[in-house]
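S.K.: Please take these sequences and the hints and turn them into a complete structure.
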Amino acid sequence: MDTVNVTLVGVGGQGIILAADILAKTAAISGLDVKKSEIHGMAQRGGSVSSQVRFGDKVHSPVIQAGKTDILVAFDKLEAVRNSGLLAPGGKAVVNNAYLVPVTVSSGQQADVADLDSRVAAIPGLVLVDAAEIAGRDVGNIRTANMVMAGALSSFCPFGEQAWLAAMEELLSGPKAKLLEINKKAFAIGREAAAKAGKA
Numbered sequence: 001m002d003t004v005n006v007t008l009v010g011v012g013g014q015g016i017i018l019a020a021d022i023l024a025k026t027a028a029i030s031g032l033d034v035k036k037s038e039i040h041g042m043a044q045r046g047g048s049v050s051s052q053v054r055f056g057d058k059v060h061s062p063v064i065q066a067g068k069t070d071i072l073v074a075f076d077k078l079e080a081v082r083n084s085g086l087l088a089p090g091g092k093a094v095v096n097n098a099y100l101v102p103v104t105v106s107s108g109q110q111a112d113v114a115d116l117d118s119r120v121a122a123i124p125g126l127v128l129v130d131a132a133e134i135a136g137r138d139v140g141n142i143r144t145a146n147m148v149m150a151g152a153l154s155s156f157c158p159f160g161e162q163a164w165l166a167a168m169e170e171l172l173s174g175p176k177a178k179l180l181e182i183n184k185k186a187f188a189i190g191r192e193a194a195a196k197a198g199k200a
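Each residue of the sequence shown is one higher than the one before, counting from 1 in our numbering.
Please note that the accuracy of each hint is not assured.
Quick list of the computed label-pair ranges, beta carbon to beta carbon [as the list claims (entries may be wrong)]:
1. 173 to 114: 44 to 54 Å
2. 161 to 137: 34 to 44 Å
3. 136 to 176: 14 to 24 Å
The set of hints was computed from the structure by calculation and includes no laboratory data.
C-beta atoms are modelled at their ideal positions from N, C-alpha and C, and glycine is treated no differently.
M.R.: Here it is in structure tokens:
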């Protein structure tokens, strides 16, 4: 298959790296070549985090060029706007309908973003998912919002659900095994939410 480019963006503490690891592992389990790269920035201070995953029959580089992202997964609306230029024509933007106020705004160092919702709405291929709300209301744990987003992403990837679950079981083993079932639940609800949000 041709190489598929996925970029996951957000801020530190949102579980972006785990979601990217699950995607990469799912692609590998499915027999594809996979390359992954990460930019952590000031992640521990709520700074931007980005992870790129590329998969296909043969992937030569882990880096996705600007304008070549097939699926942009944004865990925050501001990061969606900031990174919308990465999208390829016809690409999908799976966006968490949440906004974490940057420290520079909350501290008064700069003004808040104007017209954020309208700017998000203008992103091509937008699929808006209430991941944080779903995680808190339907899963019972707000920290599973990243798995809700992973489930939403899975709707646009060429892998069966069993491959995703196998990847989760492998990565959430050992001391993390107690988190497996709740993360599986969040993943399943995220898949359904993406369909309701207008899967094409």
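S.K.: When the structure is checked against the list of hints, which entries are broken? Sort them ascending.
M.R.: Failing hint: just 2.
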